[in-house]
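Peer 1: Letter by letter, the chains look like this.
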Amino acid sequence: MTDQALPLPVRKSSLAKLAGAVGLLRESHIGMFGLTLVLFWLVLAIIAPALPLIHPLKQYSSHLLAWPLTEGPDGAYFWLGTDDLGRDLLSRLIWGARRVFIWAGLATLSAYSAGMLMGVAAGYLGGRWDDVLSFIGNLVMSFPLIVLYLIIIGRFGATPLNIIVAVTLATGPQVMRIVRGIVLDLKTRDYIAAAQVRGEHPLYIMLVELLPNARGPLIVDACLRMGYVTITIALLGYLGLGLPPPDPDWGSMINAAQKFGSFGANAMLWPAIAVSTLVLGLNMLADGLREISLRD
Amino acid sequence: MLPLIGRRLGMMILIMLVSSFILYLLFEFDKDRVVIQAIGPYTSEEQRQAWLEQNGYNEPFLERYIAWVGRAATGDFGTSIQFNRPVLEVLLPSLLNTAILALWVFSLTVLISLMLGVLSGIAEGSAMDRSISFLSVLTTSVPEFASATFLLAIFVFWLDWLPGTSSGPGSLFRKELILPVAVLVIFNFGYYTRMMRASMAEVMNSQYVRTAVLKGMPFQRVVMKHALRNALIAPFTVMVLQINYLLSGVIVTEVIFAYDGFGRRLYEAAQFNDIFIVEACTMIAVALAVTTQFISEIGYMFLNPRIRLT
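Residue numbers (the numbering used here), protein chains in the order written: chain A, 0 to 295; chain B, 262 to 571.
Treat each hint with caution, since some may be false.
Here are a few chain B residues that sit away from chain A, every Cβ distance over 12 Å (derived from the structure) [stated by the list, open to error]:
#1 Q315
#2 R325
#3 A384
#4 Q468
#5 V539
#6 E540
Okay, the calculated bits of chain A under chain B, using three or more residues with CB under 8 Å as the criterion [unchecked claim]:
#7 122–129
#8 147–154
#9 182–191
#10 271–279
What the hints contain is simulated information worked out from the structure, not anything from laboratory work. Note that the structure is a prediction, hence the values are computed from the model and not measured. We put the CB at the ideal spot given by N, CA and C, even for glycine.
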């Protein structure tokens, strides 16, 4: 009974790991504040269909550009007022959040997948792969981002697919650059040498050994990147290059209201606040995560 | 050092050539599309053929491209469809306007971020440092079109102090510049400040600064004479590199405030399908980007003796 075997290290479930991460994040005020802001919008976006909202496309022609807390016909109550077509701002704001999360999420995911693959290939394979991929990255990064969007979306039209392609093209190389740097550092570790000696396929080493170990800084970067992409999606809407109307979109809401000068002040302020708080939340969350990752 | 400069120059030219080729492929490969955009959709077949022949579009694609690059290199980008005037003639005044805007933004941003970055970098973790850091995160989270909305609401609609649009002739000092400059400085200074802070904090922790403090040198003198100069090296490269990024913001801000600049020309040309202006603007932007990249790399080598000597 004395020489009891040491218990095997218990492999934590991913749920437990997540709980641990949130527990760590509680130590960072900035991170918690950011998380709260992001969750606020995320929860609203998810439960939007269940909320007792006026339909976001329903137009009250008697109440155009109404101020907050006005009462409309047939018992409608405009908490935040209405836009230039008499549509309820609160409802459009919340439905717009849904749209932002879906499209910014998809675009970030797509940019990240492309950027990670390119970065891990450039960093691990090196040589000609690195030369070609880095050149592509430098080439894309020589275009001011907005010029890239104007060219691609101006030339091929503002469809959801084109927007995702444009964001991927603009953001992917930036992700690649970060991943490449991390991989160059990880490449010299012993476990990579061990995998090489075992005769693992380079693809296995890149996807199973390298990428999961690079996740720390990448999670921080993904939060920041998601913030930029959110700005981009809203900006494209603002510039009239975004997803086609009439579904609510924060960027185009601001643009539409600005045309009415001081009468549109209320209608343009809310979406501007919405996009700023969401991006602020993502940036602060990234800051908090970075703070914690530097600690240990 | 010289071969390195040569290699960078070669890379610059290669990037310009490849991007010009992609651009030409994208916009002018399909010559039927070009002619419809140039002389309009309600033209007869003969008119279109005549235009294509006259402008050399019946040559093979590669020959057309080479001829186009040759003309573009000498500043001839063709005739604007919107204005029916040479593209360069249309763009020059707006380039000057954009330069005025960018000059203000760049110098104010650098000035503000240097001061804030040094203030927070010399005392890492202090209340001052934390407030400046928070301010930087806050302002970089508000995109240009949102901060423009806030400033418009306060200073134009409510207080009525400033004009809400900025079209009109360019000049270095006019009221119309205040809002666009403010919007861009607000969005950009946070990033620069963080760079400066990180660099300053690193230098302040270095041994030679500690030695200077320990031997009794006045703190102000340590910061100004010893720390600052070394702390400026890394942010310098970042700031120059950021000019490219800044240009993106300038374009957006010009559109928001209807400022008669390069960015608004590009945006309107893209809406109008004035492909010759779009091509010219893109090539100018790419040229600017590779030049700033080059300057930042060469500048870094000159500023940092550890690299210069090897």
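Peer 1: Per the coverage rule (Cβ-Cβ under 8 Å, at least three residues), is the segment 122–129 of chain A covered by chain B?
Peer 2: Our answer is that it is violated, as 0 residues pass the Cβ test (under 8 Å) against chain B, missing three.
Peer 1: How about the segment 271–279 of chain A: do at least three of its residues have a C-beta closer than 8 Å to a C-beta of chain B?
Peer 2: holds (count 6)
Peer 1: Using Cβ atoms and 12 Å as the threshold, tell me whether Q315(B) really stays out of contact range of chain A.
Peer 2: 25 Å, holds
Peer 1: Any Cβ of chain A at or closer than 12 Å to A384(B), or is the non-interface label fine?
Peer 2: 18 Å, holds
Peer 1: Please confirm whether E540(B) is truly not at the interface, meaning its C-beta sits more than 12 Å away from all C-beta atoms of chain A.
Peer 2: Violated, because the least Cβ-Cβ distance between E540(B) and chain A comes to about 9 Å, which does not exceed 12 Å.
Peer 1: Residue count check for the segment 182–191 of chain A against chain B: does it reach three with CB-CB under 8 Å?
Peer 2: Coverage by chain B is violated here, the residue count being 0 at a Cβ distance below 8 Å.
Peer 1: For V539(B), which was marked as not at the interface, is the minimum beta-carbon distance to chain A over 12 Å?
Peer 2: 7 Å, violated
Peer 1: Can we trust that R325(B) is non-interface, i.e. its beta-carbon lies farther than 12 Å from all of chain A?
Peer 2: Nearest chain A Cβ is 18 Å from R325(B), so the label holds.
Peer 1: A cut-off of 12 Å on Cβ-Cβ distance, and Q468(B) was said to be off the interface with chain A. Does that hold?
Peer 2: 22 Å, holds
Peer 1: Given as covered by chain B, does the segment 147–154 of chain A meet the bar of three residues or more with CB within less than 8 Å?
Peer 2: holds (count 4)
The earlier numbered hints that this structure contradicts are 5, 6, 7, 9.
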